[in-house]
Amino acid sequence: MADDDEKTSSGVSRREFLKISGIAAAVPLVAPQMVEAAGEKVPVYGPGKAPMSFTINGKRYSAQLEPRVTLLDALRDQFDLTGSKRVCDRAECGACTVLLNNKPVYACTVLAIEAQHQPITTIESLSQGGKLHPIQAAFVQHDAQQCGFCTPGFVMACKSFLDQHPHATEEQIRYHLNGNLCRCGTYKGIREVIAQMSGTKGA
Amino acid sequence: MRAFEYTSPTTRQQAVELLAGSWDQSAVLAGGTDLLSLMKDDVVAPKRVVNIKDIRELHGVRFGPRGMQIGALTSLGELADHPLVRQHYPAFGDAVVEAASQQIRNMATLGGNICQRPRCWYFRSGFGLTPKTPEGKSLVEEGDNRYHAILGNDGAALFVSPSSIVPAMIAYGARIRIAGPKGAREVALEKFFVIPRTESEREHDLRPNEIVTDVFLPPPAAGRYAHYEVRQKESFDWPLVLAAVALQMNGNTVRSAKVVMGYVAPVPWVSEEAAQALVGKTVTEQTAQAAGEAAVSQAKPLSRNRYKVQLARVAVKRAILQAAQGKAEGGAA
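Residue numbers (this note's numbering), protein chains in the order written: chain E, 1 to 203; chain R, 1 to 333.
Hint data in this document are derived by calculation from the structure and do not stem from the laboratory.
A hint or two may mislead.
As the list claims (entries may be wrong) - Negatives, chain R to chain E, calculated, CB over 10 Å:
| hint | residue |
| --- | --- |
| 1 | Gln13 |
| 2 | His88 |
| 3 | Ala100 |
| 4 | Glu186 |
| 5 | Ser256 |
What the hints assert, rightly or not - Derived DSSO-like pairs: lysine-lysine, alpha-carbon spacing no greater than 27 Å straight-line:
| hint | chain 1 | residue 1 | chain 2 | residue 2 |
| --- | --- | --- | --- | --- |
| 6 | E | Lys41 | R | Lys182 |
| 7 | R | Lys47 | E | Lys41 |
| 8 | R | Lys182 | E | Lys188 |
| 9 | R | Lys40 | E | Lys103 |
| 10 | E | Lys59 | R | Lys53 |
| 11 | E | Lys103 | R | Lys47 |
| 12 | E | Lys103 | R | Lys233 |
| 13 | E | Lys49 | R | Lys40 |
| 14 | R | Lys53 | E | Lys49 |
The C-beta atom is built at its ideal place from N, Cα and C for all residues, glycine as well.
Working from the sequences, and respecting the hints, build out all of it.
Spelled out as structure tokens, the structure:
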């Protein structure tokens, strides 16, 4: 799934085309207003679009976004990185889990504007050259998904915990996946993935 | 989410000046795990969001003779992994580890945990802190109040204080520092929470242009501490009731005690009755039970939350017994 091309908002994708032909043209881009606070000029962005740049999976991306856009919506709607899913959109279900500074977070509950200047890692970075990451392969092997919507979040939460705790026990990994929910109830398969990964250091 | 302007100051003074003097004009963004949901649900709609995460001096933990100073922007994840937290303030450490999921702990800050808004479903649906029917009756009393207050519920506010960490911090005697336009002030964490009487009041002693900057935990006194949560789920769930206790011992007898309950009142509830029931006693099953009884002696359950009286009684008893045994654990109901 890795894409070698650098994406910018000028490279028109389907989603971006819809954006451009829709509301985008109506919202003018405004340079940040400089507001004096405690004797210094502090930039204030928005409420219209502001230029933003991101480092996602090691590549640079840039776009014009309003400050209210979440990191998740930026990933999905601006950069076509649709592996991170939008489900509850309230920091509860975990389907949008990405790594920010190598730590798992809910992308639905981080503003894109505050995620600039920090490395972002999404599910799209895991498979290399068409070869699944061992955790992804384990999900397939143990049939640990039904509709599959929660799976990218589970894989990211599982990977980051194993990266930080390579000798984690099965119980520890299970506990740390408590921020991810599967409505289909495929927990039995996910537990089998965890049992397998706890013996193999994950990566 | 409504559009807003966004700024990210680098000093606390800048932050305070960028905040407006009224709540509807501006909002402080720390971890965002509460604010963003409130904005998506249109419960709050600030015109300006002031991100305070770029203020470096508000991050990190320092430990010295004055105890532990925790920058308000220290994430719960950093605290959970901090060896000195677990070593010197184990009941606080337990409360932090038990809070939320790893994804939330990595963003959520200690200051944000203190300042988060109530989880009352009437509040979250836009009916305010003292929700009323068109006829002026309490929506909470008339409606589904299974998670609402059993203590401190004489007035119009019937929500419960939302933090699962604050009661343990109060048991340790925490103070917080607040920065505002007139400089800094310090307040005991226990006094920071107030029960709003009308819709124009808030549940905190915080002005719209103030930010919580630091949390101070006094040097750990030689005491016994415990934190006990009662939840429906083992993990990633709001407690139904929790109790945090601090016991200062004189040999085998209790010299002084602090018993703090969470999720029973619109503020973290410090029970003098329970503390008095313990002073001068040795901790046994019977004295812990008596303290649990004392803790709920003033309880006035609503139509659907009588069960919480029993949960609070037992949570206090178990927290005391665990503190006396020198270990602190949470538990699922």
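Hints versus structure:
1. Gln13: Violated, because the least Cβ-Cβ distance between glutamine 13 of chain R and chain E comes to about 4 Å, which does not exceed 10 Å.
2. His88: holds (23 Å)
3. Ala100: Check fails; 7 Å does not lie beyond 10 Å.
4. Glu186: Holds: least Cβ distance 21 Å, greater than 10 Å.
5. Ser256: With a cut-off of 10 Å, serine 256 of chain R remains clear of chain E, as the shortest Cβ separation is near 35 Å.
6. E:Lys41 / R:Lys182: holds (21 Å)
7. R:Lys47 / E:Lys41: holds (19 Å)
8. R:Lys182 / E:Lys188: The hint is violated at about 57 Å.
9. R:Lys40 / E:Lys103: holds (24 Å)
10. E:Lys59 / R:Lys53: holds (24 Å)
11. E:Lys103 / R:Lys47: violated (30 Å)
12. E:Lys103 / R:Lys233: holds (25 Å)
13. E:Lys49 / R:Lys40: holds (19 Å)
14. R:Lys53 / E:Lys49: holds (21 Å)
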